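Chains as they are written, first to last, in the working numbering: chain A, 1 to 522; chain B, 1 to 371; chain C, 1 to 322.
What the hints contain is simulated information worked out from the structure, not anything from laboratory work. Careful: at least some of the hints might be erroneous.
What the hints assert, rightly or not - DSS-like mimics (lysine-lysine), calculated; alpha carbons at most 27 Å apart, straight line:
| hint | chain 1 | residue 1 | chain 2 | residue 2 |
| --- | --- | --- | --- | --- |
| 1 | C | K321 | A | K82 |
| 2 | A | K84 | C | K89 |
| 3 | B | K237 | C | K321 |
| 4 | A | K266 | A | K333 |
| 5 | C | K321 | A | K359 |
To be verified - According to the in silico footprint, chain C covers these stretches of chain A (three or more CB under 8 Å from chain C):
| hint | stretch |
| --- | --- |
| 6 | 74-87 |
| 7 | 104-113 |
| 8 | 197-209 |
Fair warning: this is a prediction, and the values are worked out from it, not measured in the lab. Glycine included, every Cβ here is placed at the ideal spot set by N, Cα and C.
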Amino acid sequence: MARIKNIISGGDTACYILELQKISKSFGLVQANKNIDLQIEAGTIHGIIGENGAGKSTLMNILYGLHRADTGEMLIDGTKVKIKSSADALALGIGMVHQHFMLINRFSVLENVMLGSEGGSLLSSGKITTVKKLKELGQTFDMEVDPHALVSDLNVGMRQRVEILKALKGGAKILILDEPTGVLTPQEATQLFDILDKLRANGVTVLLITHKLAEIMAITDNVSIMRGGEIVGHRKTSDTDPQELAELMVGRKVLLNVEKPQAKPKEIALNVNSLGCFSSRGHKVLDDLTFHVKAGEILGIAGVSGNGQTPLMEILSGMRKPDEGYFEILGKKIDQDTKVSPFTMRENSIGHIPEDRHKHGLILEFEAYENMILGFHNTEMTGVGKLLDKNHMLAHATERMDEYDIRPRNPKLLASSFSGGNQQKIVVARELYRNPKLLIVGEPTRGVDVGAIEFIHKQLIKLRDQGCAIILVSVELDEILGLSDRILVMNKGQEVSTVDGEEANPKDLGLMMAGISQGASN
Amino acid sequence: MSVIKPLPRWADLILLPFINLCTAFFVCGIVVYIIGENPWDALLVMLKGAFIYPGSLGYTLYYTTNFIFTGLAVATAFHAKLFNIGGEGQAYIGSLGVLLAAALFAQYLPSLLVIILCICCSALFGAAWAIIPGYLQAKRGSHIVITTIMFNFLASSLMVWLLSGILMEKGQQSPQSNLLPESIRLPKVQDAFEFLGVNISSSPMNLSFIVALIALLLFWILIWKTRLGYEIRAVGKNQDAATYAGINVSRIIIITMTISGAFAGLLAVNEVMGVQNRVILNYTAGYGFTGIAVALMGRNHPIGIFFASLLFGVLFQGGTELDFEFQSITRDMVLLIQGLIILFSGALAYMYNPTVSKIFSKIEKRSKKNG
Amino acid sequence: MADFFLQILWTLDATLRVATPLILCAMAGIFSERSGIVDISLEGKLLSGAFVAATIASLTGSAWLGLSGAIIASVLMSLLHGFACITHKGDQVVSGVAINFLASGITVILGIAIFKRGGQTPTLNLNERFRPIELWFTESINNIPIIGTIYRELISGHSLLVYLALICVPLASFILYRSRFGLRLRAVGEAPIAVDSAGVSVTWVRYRALIIGGIFCGIAGAYLSISHGAFFLREMSAGKGYIALAAVIFGNWRPVRAFVACLLFGFLDAVTSRLQGVDLPIIGEIPSALMIALPYILTILLLSGFIGRPTPPSAIGVPYKK
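With these hints in hand, go ahead and build the complete structure from the sequences.
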């Protein structure tokens, strides 16, 4: 593969702070990284953008020593290095803030930051020096935290700070951030970028891994685009734009908006009234929620993850009981005294595509045909007799796989053998088979390739036009904006505002997601 | 770097377990060598003792019956990802069911009916001893491994108290129950064959072997052919998905443990109704624990369980012969090999996976080159 | 009255003696479980330690060599557990159960091979065991009323291993909460991936936790056969390893609380022996079977959450895969 020309004006091209040469890595039959060449200039914020599954995380894990590359070299400041473990990476000045925080909830901030660099076999002296260092760093970068607070008491934004401080305390010169804004509101993300700015000003090099175009444009100096395990382009951020980046990410012209016909909503299918519920710890996770959804419309629920969407979906699908309030679904009223289960919900024509298909939607160790009847195993989908009818189930599964183009077309394969997109298609095929009148959908395209995303979006619109009422929960604002007829924004378990799909824009939504409502409009 | 393909199914289900088994025997052989005996001689004596000598096959199959019951108990629970170590206690309490049914019904009902009732009651009592740990795990999150171990000890204490007290045989000093009425003792195999005019050597094997085979069949139907079985397996593989699917996970845990305990309780059918014809102290003699090894080796599948039970039948019967013929070897050797099998077929079950996978890959590459 | 006082002292004295193996095994269990590894095999390690201690003490005449042998044997068993669970990511409960069987079998097999006494080892004389030690000042304090008696009957006169066990509790606490190793160990039990990403080897921390556990269990085993008793008998651990595990859970995986639980169980055991055949007012004679079953019943009640709620380490029981 030809050396990618690097388009950076001026500067010393002979010595990058970090350089990757021909890095490749395979997991079994899947090649996650192919011949990656990457040059990072010192003191810059370098973005690495690509879709889910493009290989970004694998590459960063190689950099951080959590995986070993099959071939290729890594150079720090021009010298070849071997990174065999996180310890090696840390010693070389590479720090990483992972997508899923690597913090111990039961420990204090201090203990978490000290872990791995305690400064002696007894903790007493290390504690004193670490508290001092934390104060220093906090002041320099405007990231102050209480060292003695328990991590479990901190909110997400603060936890991320602890992660960054931990990396800096370890002396990181290169800081890798893997999808850092997935759990932040747009405003918190801006605060993060301020911090990154300060880091850059202090000579720290930042690698920002993301799939969000807006972030790349907002903060990075240079950007490398990954697709299918390869680097398909490098650009100076100021020389490019979202459209070009999106095309490079996907490989073809992309419609950044889904085409959809006008909705024709009819009668109310779901009526939620003052719904409330508490977590196992006693926190209120849903607070006085009231809304409705009509047949033939898609209500998008926007919000940063962790603001009540999951409990809401659990309650509506019968997996959990409400503690306060009630809801009426297709004429049936359900409150904290009603006996419900997902089974009865399904019997009442309600479908549920869960937000975590590995956790809820599929049993990975079951075969595809066994997954195709999950939740419906007590119906005639499994045969009419007292025993399960295997032939009937296999035939049913084959038909669904044909209908949804699920590959490989083998109903006896374990669910774990299918790609993310195909796994999701199994779930969608199953839930949509009985033409539900109400569909609850969570994160339908997380970890799904572009082709399947388009397919699933089309299915949802088709279902809507057939008269189904759809509640769509997603943290991807693009998805919400593209599909929803109305959008309800949630924050801290409450409704902030409900807006019309046509009139909504990301900036306003972002404010609402942070809890700032638009006043009495809409 | 070469890519390692996943193993073909037969290798996974038969080859690897076989290699694990050989490793266990190999290590055992080393121990035999260390204590000064010849491992090959020991192996031969064991096999002869299990099959060749008159009556030995009967003895082997008598043991096999026990292990089928306890193996099924552990396997049922394993399908819901529950580790039921309480087979000993459940089987012990199961014998109470036999005594009770015999005491209540033997005088009034035809013997065939009483036998069936005794079988049902043994299962029922065994199930009852397993329900509480199951309930505690399901509703209160108490770890089933610890609770079932505790319940084993409790059963032991309870039975000591009963057998030395109200259940004790009149006029005797040692703790054991009265003999069962003759009419409900299960006929031994040699008696059954005699009835058909064939003479075979005597052994404790009795018609409970048939019950065991039926149990294997019922187990297969339950786990793979019924909706309940689907729910049990779903709970075992992914509790969250099971909840999503509308399965009541607590209910399934309790039901699974109940069925598991029922299988364990059936041990009394062989030992109490077929062989001892009474309840003696600790009649379960560790069979409950062997069930763990059987289930692990048999991969929780009825065919595997049958062969694993047979293997242990050979070990136990052969072990008695070993004890008899060798001065320095006792039946404790069987404990050792049981531990080794649990180790290699359970905890280290996949130890050989990478090596065998590599070998298979190499063979495939070579045949592609030549073929 | 004085007699009743003495009875109480003797009961407490017996408590300490019975609780010693429990305390040591509980500390072992805490170390391994806090690092995320379920340890059902405390029983097997205890038994192996007891056997090796008695065997070596009998063959060499030295109790100290017996103690060392017990520690080595127990550590080897721990390493086997580690090999299965850590290196090969096997099921931790299954591995623990396997080790218990191995121990039961091999202790008797080797015992018969070496001593030919049906599994029992020869009775050791006083020089080959850890004898009760009279502490300093016993004579001088003896004359002080009450305190002198308490000192003589309860505090002094235990074997070295009992005092060692008592020291192990604050030692375990110190290591766990004030040392770098302890911090890392607790972290591994909560979120091994956090430890890995901080550049610390999860595997090595877990192995060390198991080794420390092995050392404690070895001492406990030696106590059984060459201090408290004078020989090894098959299955002499008699479920103490499981009771120790129950104490760990009772104590919410904390050394001092587990220590209290061990004392409680030891007390029950001591009281059982004392009350055998004794007619109590109103209740009458308590069946010994009930007394024996009491620790087990208590454990079950605890596990059911009727006496407090256990909070185990978050990552326990799950092999760490990168």
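Do the hints match the structure? See the list:
Of the pairs offered as hints, the one joining K321 of chain C and K82 of chain A holds, with about 22 Å between alpha carbons and a cut-off of 27 Å not exceeded. Taken as a hint, the K84 of chain A and K89 of chain C pair is honoured in the structure, with Cα atoms around 21 Å apart against an allowance of 27 Å. A distance of roughly 18 Å separates the Cα atoms of K237 of chain B and K321 of chain C; the hinted pair therefore holds under the 27 Å criterion. Only pairs whose Cα atoms come within 27 Å are accepted, and K266 of chain A paired with K333 of chain A is accepted, the gap being roughly 20 Å.
A distance of roughly 18 Å separates the Cα atoms of K321 of chain C and K359 of chain A; the hinted pair therefore holds under the 27 Å criterion. With a cut-off of 8 Å between beta carbons, the stretch 74-87 of chain A has 3 residues touching chain C; three or more are needed, and the interface restraint holds. Counting residues of the stretch 104-113 of chain A whose beta-carbon sits less than 8 Å from any beta-carbon of chain C gives 6, enough to reach three: the coverage restraint holds. Only residues whose beta carbon comes within less than 8 Å of a beta carbon in chain C count, and the stretch 197-209 of chain A has 0; fewer than three means the coverage is violated.
The structure fails to meet hint 8 from the earlier list, while all remaining hints are met.
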